[in-house]
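Please work from the sequences and hints to get the whole structure.
First to last, the protein sequences are chains A and B.
With my numbering applied, the first sequence covers 1 to 362.
With my numbering applied, the second sequence covers 1001 to 1638.
Because the hints were derived from the structure by calculation, they are not lab data.
Note that the Cβ used here is the ideal one computed from N, Cα and C, for glycine as well.
Hints may be right or wrong, so weigh each one.
Restraint-style ranges between C-beta atoms, simulated for each label pair [what the hints assert, rightly or not]:
| id | chain 1 | residue 1 | chain 2 | residue 2 | range |
| --- | --- | --- | --- | --- | --- |
| 1 | A | 276 | B | 1240 | 50 to 60 angstroms |
| 2 | A | 26 | B | 1235 | 31 to 41 angstroms |
| 3 | A | 200 | B | 1158 | 15 to 25 angstroms |
| 4 | B | 1029 | A | 126 | 24 to 34 angstroms |
| 5 | A | 199 | B | 1240 | 46 to 56 angstroms |
| 6 | A | 44 | B | 1035 | 17 to 27 angstroms |
| 7 | A | 53 | B | 1054 | 54 to 64 angstroms |
| 8 | B | 1301 | A | 200 | 17 to 27 angstroms |
| 9 | B | 1020 | A | 199 | 37 to 47 angstroms |
| 10 | A | 18 | B | 1035 | 20 to 30 angstroms |
| 11 | B | 1032 | A | 172 | 28 to 38 angstroms |
| 12 | A | 200 | B | 1094 | 44 to 54 angstroms |
| 13 | A | 44 | B | 1123 | 46 to 56 angstroms |
Incomplete in silico selection of chain A near chain B, CB under 8 angstroms [to be verified]:
| id | residue |
| --- | --- |
| 14 | 136 |
| 15 | 156 |
| 16 | 160 |
| 17 | 163 |
| 18 | 168 |
| 19 | 170 |
| 20 | 234 |
| 21 | 238 |
| 22 | 268 |
| 23 | 273 |
| 24 | 279 |
| 25 | 280 |
| 26 | 290 |
| 27 | 322 |
| 28 | 323 |
| 29 | 327 |
Each chain, written out:
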Amino acid sequence: MHWPLLFLVVVISCFGFLMLYSVAEGDFEKWARPQMERFFGGFILMIIISFVHIDFWRFCSPFIFLVGIVLLIVVLFFGDYGGGAKRWLEVGPLRFQPSELNKVGLVMALAVYYDWLTPAKVSNIFWVFIPVVMILVPTALVIPQPDLGTGTLIAFIGLTIMFAAGVNYLYFLGGLLILPGLLALIFYSRGTSWQLVNDYQFGRIDTFLNPGNDPLGDGYQITQSKIALGSGGLEGRGFMQGSQSQLDFLPYKHTDFIFTTIAEEFGFFGSVGLLLMYSVIITFCIISAMTNKNKFGSLLTIGLATIFFTYFFVNISAVTGMAPVTGVPLPLISYGGSAMLVVLGTFGLIQSAHIHRLLKKD
Amino acid sequence: MEKISFRKNLLDRNLGRRAVLLGVGQLVLVGFLIRQMRELQLQESEKYQLLAEENRIDIRILPPVRGVIFDEKGATLAGNLENYRLRIIPEKAKNPSKVLEDISTLITLTDERKSEILTEIEKKKSYSPVTIIENISWNDFIRITVNLPSLPGIVPEVAFKRFYAYKHFFAHIVGYVGEISRSDLKVISTGNPILQIPDFHIGKVGVEKGLDPLLRGSVGLSRHEVNAVGRIIRKLKEDPSLSGKDIHLTVDSKLQEFAMHRIEGFSAAVVVINLETEGISCLASSPSFDPNLFIEGMSQDDWDILRNSENQPLANKAVSGNYPPGSTFKMVVAIAAIEAGLIKTEELINCSGFLEVGERRFHCWNSFGHGDMDLIGGIRESCDVYYYNLALRVGIKRISDTARKFGIGVLFPLPLSGVSKGLMPSKNWKLAQVKEKWVPGDTLNSGIGQGFVLSTPLQIAVMTARLATGLEIKPTLVKAIDGKPINRNKKRALKIQDSTFSLVRKAMFNVVNDKKGTAYKSRVVDEKKILAGKTGTSQIRFITESERKEGIRKNEDLPRSQRDHALFTGFAPFNKPKYAISVVVEHGGAGSSVAAPIARDIILFAISGSIPKITAYPIDQRDETDAILKRIKKAIHL
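And the structure:
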């Protein structure tokens, strides 16, 4: 067991409970308590996953990947709308976004693939083509939900594993050259009959580029969020003293925008402190991956750490006005059951990989 | 075997290198985030802190209570009436239409009004109150208050509204208040937060306007912390409002009411000045209007009637009516001539009914002529020819200068609306305004208070006040502010010989008390209240020579708008003057028969402080006078 990693996860989560208590204006029952219960459940799940043998996870990986794909297809036809997009799946009392499962499934499947693939073949064009397809299938299924953001993230996470697995730099270089052309094509399609992304997605990009234009519309979130962040200053306004969040100026203050409350109430110290804790988690994972003798475990750790990274990076860059708002939660802190479960689950896998790092595949 | 193992190790090392690259890449990106946080939280923090405060704090203005306007003796002319009203907070009512139904079982509320309220509720935010009904009775108010538990969201409130108890009697003095209009904002200082209070009332006319800055008071401010939807979370700070200052006027409400009754039915104005205090005791203008109409709101029709009425009820004729002073001006010409040494008291001038200057004939009102006239006789019998001669001798320059000394053509700074300067013409004035040269005929006309000369009833009263006292009386309307009396400067003596004054006063005595005097019928027989004065009949149309030949049409035969104005000005008691008065009755006819009796009644009231005793009147007039006084006594609520 990677104890320091476990410790950090617990510390960040506890910090999250504290913030949920604060944004509820001192109401423990509202968000903090349910979140703690979910954490407790997720924590047990994490521990169980940790002690399950890594070979079992390797065995499960293709199935998890395939289940994810199937669920995506189901969502496309039977999913519920939420926030303007069809991305939720409801099974009994459970309501979750399969795209979260897709990220994990893709990482696991690619890790299995490269574990299986003879290293010499990694950069062979045929053996590069296969993982590209594996990445493109979930990406292509997520984008029409419509969820451009998650689609992009899935692709990014997949490419990260390909990179870690040693695929020749030239492929990435080529990809980088194609990307601007693709972006240009998307913007060029705007307003035409073959428009590549939806109007609302363009709207979000517009808002991101110029939030002041429409202060009470989409831009309102960003403007209020920046006011909260900025007014925190160096030391913050004190626990439960942030006027922006306490007085409801912040939208989604307990979910996607919770970082703004942290920054408002604990200032630069608080926000950077959290970023450093996240960075230490990433660093722990990278070191664990490097010391892992098991290639599957190693790639799995890198991939899952990347998922974790994309969570907090995308979330924080959105609330600080550096990127468009995509509805990604702040990991371990934002209120929400499925996100908490997924994140703790991935840490369980990372721990399992770490625990079994000395075992080579026979 | 060896080879493969080697290659595998190589690739494992490769994986480690790639992992490091990825880790470093991610940490670099975190660096970007930290840089952004530094910019927002450290470099631009102040700006965002300010924005957060703006978000958070809602400043509300607390309206002050308007100052009360009293008369000289403390009767309330403009007060604040409690306005019981009901408001509804939709958010608390949950189902406003049901609450409205319930409330209409307790008070009358038309279906039309109900739907009006419901539309307003939809327009506003759910926490902002909407007025259901205003000015409900105390009983209704209590009934609602008792039933509050079953009327969720209903807020009974007590607000203040202006009330003018004396209605039309003081409309022109006190004026009225109203909501701030766009044109008001151009004139008054816009920075004052008081003016941002919704439906805040400011003075529009009269003392309400003239002393508005004193009456207004100052606003209080409350600072509330509000949340994103504007709901109040808690009160942070409150500076209470300061009530406006109370004003005591110099006006005597009883005298004013009497005067208003006395000139009822006329288009007329009366000014009474207290010679000791210089205060205006009475400033009546008829017809008048009820200022409460402006508070309660009036229909477009009512407003049109008020605005377009021939007799201009909205105008304060006492200070803004410009009338030729007519013969009341003759004292000014007499003084100018005596002071210049251009006439001796006993010098006789013959009046043959007209005076020819150049090719024009200037007529006396008495077409048969007065015969030989001396100065006193000229005033007593109001001989025009005598004053034509005097005017020619003295010249317009001296006449103008003397008139200004007595207040004609002088603007008196009173806190009233439309105070006029009148007009005392000069040669330069005519050249500049009429673009014609001054001719001797102009001087002649000026000599009898006609032609270009215009004066307000106030100016005529001031003239008489100065004649009666020999002092530079400056009329005032404000006695005290917040109970503190206004300090008056010592009255200065006019630079005119005493002998001149006594001569003119004697002439004015004769006007009323000599059998030949034009106002002999309006004399007072009570020795202690003897009236002295001067009549005036100011002509407002030009009588052609041909008309004279055919016989001048009598006033009664003319259309009303062409009839003469009747004027009288006087002071009493003669040996110890206490009051000066001027009366102007528009198109009233002769000053002697119309204006003088009114002036006598009012000045007697002023001296005695109540309805004058009938013993003050000559025996043969008592029945007639008694009827008038009884009628007023009945109408008045003293």
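- Okay, which hints does this one fail, numbers in order? 2, 3, 6, 8, 11, 12, 14, 15, 18, 19, 21, 23, 25, 28 and 29
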